[in-house]
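Make the full structure from the sequences, and use the hints.
The lines below spell out each chain.
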Amino acid sequence: MGIMIDKNDILRYSRQIILKEIGYEGQEKLLNSKVLVVGTGGLGSPALYYLAASGVGTLGIADFDLVGISNLQRQSLHFTEDLGRKKVDSAGEKLKKVNPGVKIIKYPYRIDADNIEEIVQQYDVVVDAVDNFPARYLISDCCYFKRKPLIEGAVLGFEGILMTIIPGKSPCYRCLYPMPPKDGVIPTCSDSGILGAVAGVIGSLQALETIKVLLGIGQTLSGRILTFDGLSLNFREIDWKRRPTCPLCGENPVIKELVQYDIKCRLKAVD
Amino acid sequence: MKVKVNGKEVNIDENMTILSLLRWKGVDPSLVVVEHNYEIPEREKWGSVFLKENDNIEIVKFIGGG
Chain A
128 MGIMIDKNDI LRYSRQIILK EIGYEGQEKL LNSKVLVVGT GGLGSPALYY LAASGVGTLG
188 IADFDLVGIS NLQRQSLHFT EDLGRKKVDS AGEKLKKVNP GVKIIKYPYR IDADNIEEIV
248 QQYDVVVDAV DNFPARYLIS DCCYFKRKPL IEGAVLGFEG ILMTIIPGKS PCYRCLYPMP
308 PKDGVIPTCS DSGILGAVAG VIGSLQALET IKVLLGIGQT LSGRILTFDG LSLNFREIDW
368 KRRPTCPLCG ENPVIKELVQ YDIKCRLKAV D
Chain B
68 MKVKVNGKEV NIDENMTILS LLRWKGVDPS LVVVEHNYEI PEREKWGSVF LKENDNIEIV
128 KFIGGG
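Read top to bottom, the protein sequences are chains A and B.
Each residue of the first sequence is one higher than the one before, counting from 128 in the numbering used here.
Each residue of the second sequence is one higher than the one before, counting from 68 in the numbering used here.
These are computed hints drawn from the structure, not numbers from a lab.
Since the model is a prediction, treat every value here as computed from it, not as a measurement.
Note that the Cβ used here is the ideal one computed from N, Cα and C, for glycine as well.
Watch out, some of these pointers could steer you wrong.
[To be verified] To give a feel for the contact side, a few chain A residues facing chain B, derived at Cβ under 7 Å:
1. Gly168
2. Leu170
3. Ala281
4. Lys309
5. Ile313
[Said to hold, decoys possible] Which bits of chain A does chain B cover? Going by a derived footprint, with three or more residues having C-beta under 8 Å, they are:
6. 284-293
7. 299-308
8. 359-369
Below, the structure is given as structure tokens:
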């Protein structure tokens, strides 16, 4: 194995090394793991924070956006003084402060069909923390083709959804949502709103699932869908099977290469 | 007859399809996917799948924000 636990780091990670499911061995696995988080917003911020703090050795962070003032009520890695900065720079700096030992690789551009494969193949697990459907289909298709576990989380309003997708084992994103929603029907966070704490719940769960997949511990959510309604405070679990007619992982797949969708949301974004 | 929708028992009329259940619940079909007895039927078939007593239906919204 590559990186060993440094003597100084035993104290840093002591509260999780003490967990019998993790221990020294698990901690060394984390230190040698590489996770890509696409999106450093409402979901990506808490996911990245906990992954960095737990000692995941290499974190790839992808976001083409700059920090805007309407981001700050939920995107917890970005502060008022960061307005106008690249989100990857703002996020990377905070993560380094939380845990200087973590290696941060930044991708400050839009992830698209031409560049995603080269990026994804360098990582053990991918966390989908983006804010739009075209990127979600791109990431999920790419993870399927590259056989990378994908921790898929999304939020809107007071609601959230979480899936852990293990290619070849669990259902894929398209088993649930075979094709993107029609143009013009789906609202976005900027149109419909989102409460920061709701994104925090789902983003934190994404970090938890990522660590479980990396370490092979517990029961991951694969084969189930978790839905969260923050207003009634309900978590629901839906059993979920592979769809034989799935366009990606079904018996006669029609999606054989990456697709760049252009889906228009219901209203124009206000920020 | 009784069916389960998102974990809750509801009483519905006989001869309801997935599509008429959505309409009855006031759900816009273009905003959701539906799981019927742990299978996910094609959207095009929602109007022809009739619900039976004790069926299990999950209505899952398209959620894509982050």
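Each hint, compared with the structure:
The beta carbon of A/Gly168 comes within 6 Å of a beta carbon in chain B, closer than 7 Å, and the hint placing it at the interface holds. Given hint, A/Leu170 at the interface with chain B, holds; its Cβ is 4 Å from that chain's nearest Cβ, closer than 7 Å. Contact between A/Ala281 and chain B, as hinted, is supported at the beta carbon level, the nearest pair being about 4 Å apart and thus within 7 Å. The criterion of a C-beta within 7 Å of any C-beta in chain B is met by A/Lys309, whose closest approach is roughly 6 Å, and the hint holds.
Evaluation of the A/Ile313 hint against chain B yields a held restraint, the C-beta minimum of about 6 Å falling below 7 Å. Residues of the segment 284-293 of chain A lying with their CB closer than 8 Å to a CB of chain B number 3, which satisfies the three-residue condition for coverage. Residues of the segment 299-308 of chain A with a Cβ under 8 Å from some Cβ of chain B number 5, which satisfies the need for three, so the listed coverage holds. Check on the segment 359-369 of chain A: 5 of its residues sit with their Cβ under 8 Å from a Cβ of chain B, so the three-residue criterion for coverage holds.
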